[in-house]
Amino acid sequence: MAGVFAPTRAKIAERTLRTDKWWLQPLITVVVLVSFIIYATIRAFEGKNYFAEPLISPFYSPCLTNGCPDGASLLGQPFGTIAIFGMVISPALFILIFPLGFRMTCYYYRKAYYRSFWQSPPACAVAEPHKTYTGETRAPLILQNGHRWFFFAGLIFNVLLTIDAVLAFRNADGQWGHLSVGTLVLLTNATLLWLYSASCHTCRHTIGGRLRNFSKHPVRYKLWGWVSVLNHRHPTFAWISLFGVALSDVYVRAVASGSITNFYFF
Amino acid sequence: MSAAEKMVKLRIWRGDAKDGALQDVEVEANEGEVVLDVIHRVQATQMSDLAVRWNCKAGKCGSCSMEINGKPRLACMTRMNMFEEGETITVTPLRAFPVIRDLVTDVSFNYKKAMEIPAFAGPTDLKPGEYRMQQVDVERSQEFRKCIECFLCQDTCHVIRDHEENKKSFAGPRFFIRIAELDMHPLDTLRNRKKTAQEEHGLGMCNITKCCTEVCPEHIRITDNAIIPMKERVVDEKYDPIRWLGSKIRKREGIN
Ligand code: SF4
Ligand code: SF4
Ligand code: FES
Ligand code: FES
Numbered sequence: 001m002a003g004v005f006a007p008t009r010a011k012i013a014e015r016t017l018r019t020d021k022w023w024l025q026p027l028i029t030v031v032v033l034v035s036f037i038i039y040a041t042i043r044a045f046e047g048k049n050y051f052a053e054p055l056i057s058p059f060y061s062p063c064l065t066n067g068c069p070d071g072a073s074l075l076g077q078p079f080g081t082i083a084i085f086g087m088v089i090s091p092a093l094f095i096l097i098f099p100l101g102f103r104m105t106c107y108y109y110r111k112a113y114y115r116s117f118w119q120s121p122p123a124c125a126v127a128e129p130h131k132t133y134t135g136e137t138r139a140p141l142i143l144q145n146g147h148r149w150f151f152f153a154g155l156i157f158n159v160l161l162t163i164d165a166v167l168a169f170r171n172a173d174g175q176w177g178h179l180s181v182g183t184l185v186l187l188t189n190a191t192l193l194w195l196y197s198a199s200c201h202t203c204r205h206t207i208g209g210r211l212r213n214f215s216k217h218p219v220r221y222k223l224w225g226w227v228s229v230l231n232h233r234h235p236t237f238a239w240i241s242l243f244g245v246a247l248s249d250v251y252v253r254a255v256a257s258g259s260i261t262n263f264y265f266f
Numbered sequence: 001m002s003a004a005e006k007m008v009k010l011r012i013w014r015g016d017a018k019d020g021a022l023q024d025v026e027v028e029a030n031e032g033e034v035v036l037d038v039i040h041r042v043q044a045t046q047m048s049d050l051a052v053r054w055n056c057k058a059g060k061c062g063s064c065s066m067e068i069n070g071k072p073r074l075a076c077m078t079r080m081n082m083f084e085e086g087e088t089i090t091v092t093p094l095r096a097f098p099v100i101r102d103l104v105t106d107v108s109f110n111y112k113k114a115m116e117i118p119a120f121a122g123p124t125d126l127k128p129g130e131y132r133m134q135q136v137d138v139e140r141s142q143e144f145r146k147c148i149e150c151f152l153c154q155d156t157c158h159v160i161r162d163h164e165e166n167k168k169s170f171a172g173p174r175f176f177i178r179i180a181e182l183d184m185h186p187l188d189t190l191r192n193r194k195k196t197a198q199e200e201h202g203l204g205m206c207n208i209t210k211c212c213t214e215v216c217p218e219h220i221r222i223t224d225n226a227i228i229p230m231k232e233r234v235v236d237e238k239y240d241p242i243r244w245l246g247s248k249i250r251k252r253e254g255i256n
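Sequences listed follow chains A and B, in order.
Residues 1 to 266 (full-length UniProt numbering) make up the first sequence, in order.
Residues 1 to 256 (full-length UniProt numbering) make up the second sequence, in order.
Think of the hints as simulated: they come from the structure by calculation, not from any bench.
Being a predicted model, the structure only gives us computed values, none of them experimental.
Heads up, some of the hints might be wrong.
[Unchecked claim] Derived BS3-like pairs (lysine-lysine); straight-line CA-CA distance at most 30 Å: (1) B/Lys-6 <-> A/Lys-21; (2) A/Lys-11 <-> B/Lys-238; (3) B/Lys-18 <-> A/Lys-111; (4) B/Lys-168 <-> B/Lys-146; (5) B/Lys-238 <-> B/Lys-112; (6) B/Lys-18 <-> B/Lys-167; (7) B/Lys-195 <-> A/Lys-222.
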């Protein structure tokens, strides 16, 4: 940590002279992300209580194994049943890598976890604890440059989860034209995920940011302007869509396990 | 002492490249003053040899950069009324650059980095004065032209603030906005700016933790509008096989 203590710099013993609560933000980030990871891991391995006609938890959609209940498998069951040492692998584990990879490589989450978990830096003008630093120039962090592939995979998931929300306009017997709390839950979740994707920096770049002459591409320029407005709110969408996914799962689990009934407005 | 005046406590770093320490002073402060005013009063009344760099007192020259309560700021734009009553205000020189004396640092690192970036290269078939550009095409770059070269972003960037050895391979946020400005410029003809940003100017060292954006007194959205777009452009060129193939087939850079 030669940095601020390097021989040519002003001799000051403290690693930072900040007087505000600079440690609060990273602390909150750690607490929230760790809670989410613990909850998601437990739920992903649980392998049950993720489907209650017509609702499916976002952790389990699309359900791709033989063990999935009828109606939960939008894309069929290509994986059959795969077991390791006699333990059947939960269908969530086949799909969670995509949303996980999307969020792990997200420019905003990168900022959040580099600061809070890796302390690089913990806050602005607070010296980081590491001796050397190479940023995102080497493996594994150079792989962050693959964010766009996860972005496109994320779009496919958004479509699937939107279909799940539309399917939730049915009642438990499969008749259309009904609206329940579960419908609203899945609909909100899908909307938040679309907002998260639409505000993504890769989206902003792809839709128009990469152009040199906006004047030659008036439509893309317009779209870029809209995406830029959303992009400004990307951190907000990143957090609320994360809560959205978790709370949708909590709701579906509660219904599927029988602790509450899904209330129908009509 | 009139009602609008009060005494404030300051801790000012005094010293040079060899040694130095924080020194306590108490000084009068008036309604509506900024930190630079108070430092000037210290200079006038108690420390006549206190070294401090300043010029415009209007947040436009970028000279009075220093660290106030540990945060990189312009002293002329930091109002005294943002501090608590009775709070001791700590003032130090920028901690990423070599100190010369007291609050003055040697920022020549930044001038060296500026020279390493190839200048605007206009089209050869047009004479200056014949350039024509649409407003929508230059809008993005205009945000970056607001830079006053205070180097607060350079000072706060942990890549060099915390790692002296990275200075040789890292241009820093102020120069990433310069590169972005030129790469987005409708008439610039140098087409290797993305490649050199990554390979020579250290764009990949930035981990987008946004401290540069947090301290910029001109509120330039350095990370969102310059660094991340440049990172995406670098991916187009270096790490995206599909785009790369497309650009080979069409024999052009793909950006237009
Ligand atoms: S966002 Fe990048 S350039 Fe800006 S301060 Fe952080 S690491 Fe440095
Ligand atoms: S980008 Fe902002 S912080 Fe950096 S030198 Fe320019 S005005 Fe100062
Ligand atoms: S999802 Fe956050 S930047 Fe792409
Ligand atoms: S004196 Fe010019 S910016 Fe402060």
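Given the hinted pair B/Lys-18 and A/Lys-111, is their alpha-carbon gap at most 30 Å?
-> violated, 36 Å
Are the Cα atoms of B/Lys-238 and B/Lys-112 separated by 30 Å or less?
-> holds, 27 Å
Given the hinted pair B/Lys-6 and A/Lys-21, is their alpha-carbon gap at most 30 Å?
-> Distance ~27 Å between B/Lys-6 and A/Lys-21 Cα, so the pair holds.
Is the Cα-Cα distance between B/Lys-195 and A/Lys-222 30 Å or less?
-> Roughly 28 Å separates the two Cα atoms, so the pair holds.
Quickly compare the C-alpha distance for B/Lys-168 and B/Lys-146 to 30 Å and report which way the hint goes.
-> holds, 26 Å
Does the structure keep B/Lys-18 and B/Lys-167 at a Cα separation of 30 Å or less?
-> Within the cut-off at roughly 21 Å; holds.
Given the hint that A/Lys-11 pairs with B/Lys-238, test it: the Cα-Cα distance must not exceed 30 Å.
-> Distance of about 42 Å is beyond 30 Å: violated.
Figure legend: structure checked against the earlier numbered hints; hints not met, in rising order: 2, 3.
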